[in-house]
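Peer 1: So the protein sequences, as listed, match chains G and L.
Numbering follows this note's numbering, with no gaps: position 182 of the first sequence is 182.
Numbering follows this note's numbering, with no gaps: position 184 of the second sequence is 184.
Because the hints were derived from the structure by calculation, they are not lab data.
Take the hints with a grain of salt, since some may be wrong.
[As the list claims (entries may be wrong)] Where chain G lies over chain L, by a calculated footprint (3+ residues, C-beta under 8 Å):
{"no.": "1", "segment": "158-165"}
{"no.": "2", "segment": "172-182"}
[Unchecked claim] To give an idea of the chain L side of the interface with chain G (calculated C-beta under 10 Å), a few residues:
{"no.": "3", "residue": "G169"}
{"no.": "4", "residue": "L256"}
{"no.": "5", "residue": "W259"}
{"no.": "6", "residue": "E260"}
{"no.": "7", "residue": "R262"}
{"no.": "8", "residue": "P263"}
[Said to hold, decoys possible] Chain G is nowhere near these chain L residues, computed Cβ spacing over 12 Å in every case:
{"no.": "9", "residue": "A24"}
{"no.": "10", "residue": "V30"}
{"no.": "11", "residue": "L80"}
{"no.": "12", "residue": "V96"}
{"no.": "13", "residue": "Y219"}
{"no.": "14", "residue": "T227"}
{"no.": "15", "residue": "L230"}
In this text, a Cβ means the ideal position worked out from N, Cα and C, and glycines have one as well.
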Amino acid sequence: MSCLELRDVTKGYDGLPVLSGASARFDAGRAHVVMGPSGAGKTTVLRLLAGLEEPDAGEVVRPAGTRLAMTFQEDRLLDNLTATANIRLPHGRLRGDELASFLELEREALHAVGLPVDARPVRELSGGQRRRVAILRCVLAPANVLIFDEPLKGMDEKTVRQVMGYVLPRLTGRTVLWVTHDERERGLFERPVLWTVRGGCVLRATM
Amino acid sequence: MTGGGNSGIGGGGRPGTWGARLLAVAFWLVAWQLLSWAVDSRIILVGPLEVLARLGSLALTPEFWASVGTSLGRIGLGFLGGLAGGLLLAALAARVRAARVLLAPLMGALKAVPVASFVILVLLWVSSCELSVVISWIMAMPIVYTNVLEGIEQTDAGLLEMAEVFGVGALERVRMVYLSQVLPYFRAAVSLALGLSWKAGIAAEVIGLPDLTIGEHLYDAKVYLDTPDLFAWTVAIVVVSVALEALVSRGLDVALSWWEARP
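Throw the hints in and build the complete structure from the sequences for me.
Peer 2: Structure, rendered in structure tokens:
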């Protein structure tokens, strides 16, 4: 699969520039860790790549066949549905054996990240539990580009280990864009591509 | 000490528990009975005991049940039509701005015009048998339309973005995202429209006088100054209204719980 790309992208809000002529090629099938100070435009980069924003100038390239999944900074769950119904949302309406086997996969996933498997709507889950549901929805989505916007924010180390123990093997071979403030999260991936968003540019860092 | 379970009136003026509510109802029933004894005129006021006795004797006649059934069937049909119409038009208005602009004055007029005006007007167009169907439909539709449209508009933009990123199809978006957001608004609309449709439908029957309906019996009671009958039929209307409301609310709650608990 070809790369996601920003080509000389400029983007601002209410006259305030966020990106000024930013260019970047995100190699397919690799993990890209994006860092940078608060307000530098990391989330804007993700939103542009996800097609949720149009650039003021320049071009965002999403190759044909790109299927996206995203963990937003907010959970964005359907509050009155169960965790499994939320995780299954990107798969459309599954029936019969397909549904049964996916439910089995979901239950395994929930168990693996320490979440209860029950009939409660997600509005009854704690903030941390909801976060894990949002991460699983992204990881189990039928997508080849996975975008994570500070997914582990506020999670304790034990839960991070538990979640990443399930998540990391499922990211192999997929394009991952992982935004974080936490230097330690770089170490979660094996040979990630490091990016810094600063001064309106997206810069590839050298290791 | 404020213990003692839930038999007393709650703190802070909260109208509380079943015990307190029953006591309040009993108080007003006693007051009503005492007043009827004081007035001592069956034409002006009958007491609850006599009303109950009259209702009991009416309930033993097949005509009573046939009348309740006929009124309920016709008004129910109009109400369901109003639900369907309100839902479809709200979906259309949310999707097509021109439809929304076009529908706004119509819905405004339907809500603002007095029900009696509609009844007299509609009676010129349809037979008295169909009158309560049309009137209950007219009552329910704008309420459902307004509430559902409000629900659609209040749908969390973040959830719609999420659905877009994940490539969730249009049908699934409606079924999962919009439905989950609109359901509380729909539920409130059903509750409100049900009571209004029922009362307006009966009022239409009183004016249109279709055979063997609650409205016709109310009218007869008025013409023959049969106050016990008037009260008995009124109580029947209230009981049906409360029972319907409870039944539909319970049904919606069960459906909602089932929908929410799906794996």
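Peer 1: Take the hints in turn and mark each one as holding or not.
Peer 2: Going down the list of hints, with the structure as the test:
For a cut-off of 8 Å, the count of residues in the segment 158-165 of chain L with a CB near a CB of chain G stands at 7, and the three-residue condition holds. Given a C-beta distance limit of less than 8 Å, the hint that chain G covers the segment 172-182 of chain L holds, as 5 residues qualify and 3 suffice. Because the beta carbon of L:G169 sits about 6 Å from the nearest beta carbon in chain G, less than 10 Å, this interface hint is met. Against a cut-off of 10 Å between C-beta atoms, the interface hint on L:L256 holds, since the closest Cβ of chain G lies about 8 Å away.
Annotation: interface hint on L:W259 holds; nearest CB of chain G at approximately 8 Å, less than 10 Å. This hint holds: L:E260 has a C-beta 5 Å from the nearest C-beta of chain G, less than the 10 Å allowed. A least Cβ separation of about 6 Å between L:R262 and chain G falls short of the 10 Å threshold, and the interface hint therefore holds. With a least beta-carbon distance of about 5 Å to chain G, the hint placing L:P263 at the interface is held under the 10 Å criterion.
No beta-carbon of chain G is positioned within 12 Å of the beta-carbon of L:A24; the least distance is around 35 Å. Residue placement check: L:V30 keeps its beta carbon more than 12 Å from all beta carbons of chain G (closest about 45 Å). Residue-level check passed: L:L80 sits 25 Å from the nearest beta carbon of chain G, beyond 12 Å. Chain G leaves L:V96 outside its interface by the beta-carbon criterion, the shortest separation being 24 Å against a cut-off of 12 Å.
With a least beta-carbon separation of about 46 Å from chain G, L:Y219 lies farther than 12 Å from that chain, consistent with its non-interface assignment. Separation of L:T227 from chain G is adequate, the least Cβ-Cβ distance of about 49 Å exceeding the 12 Å criterion. Every CB of chain G lies more than 12 Å from the CB of L:L230, the least distance being 45 Å, so the non-interface label holds.
Checked against the numbered hints above, the structure violates none of them.
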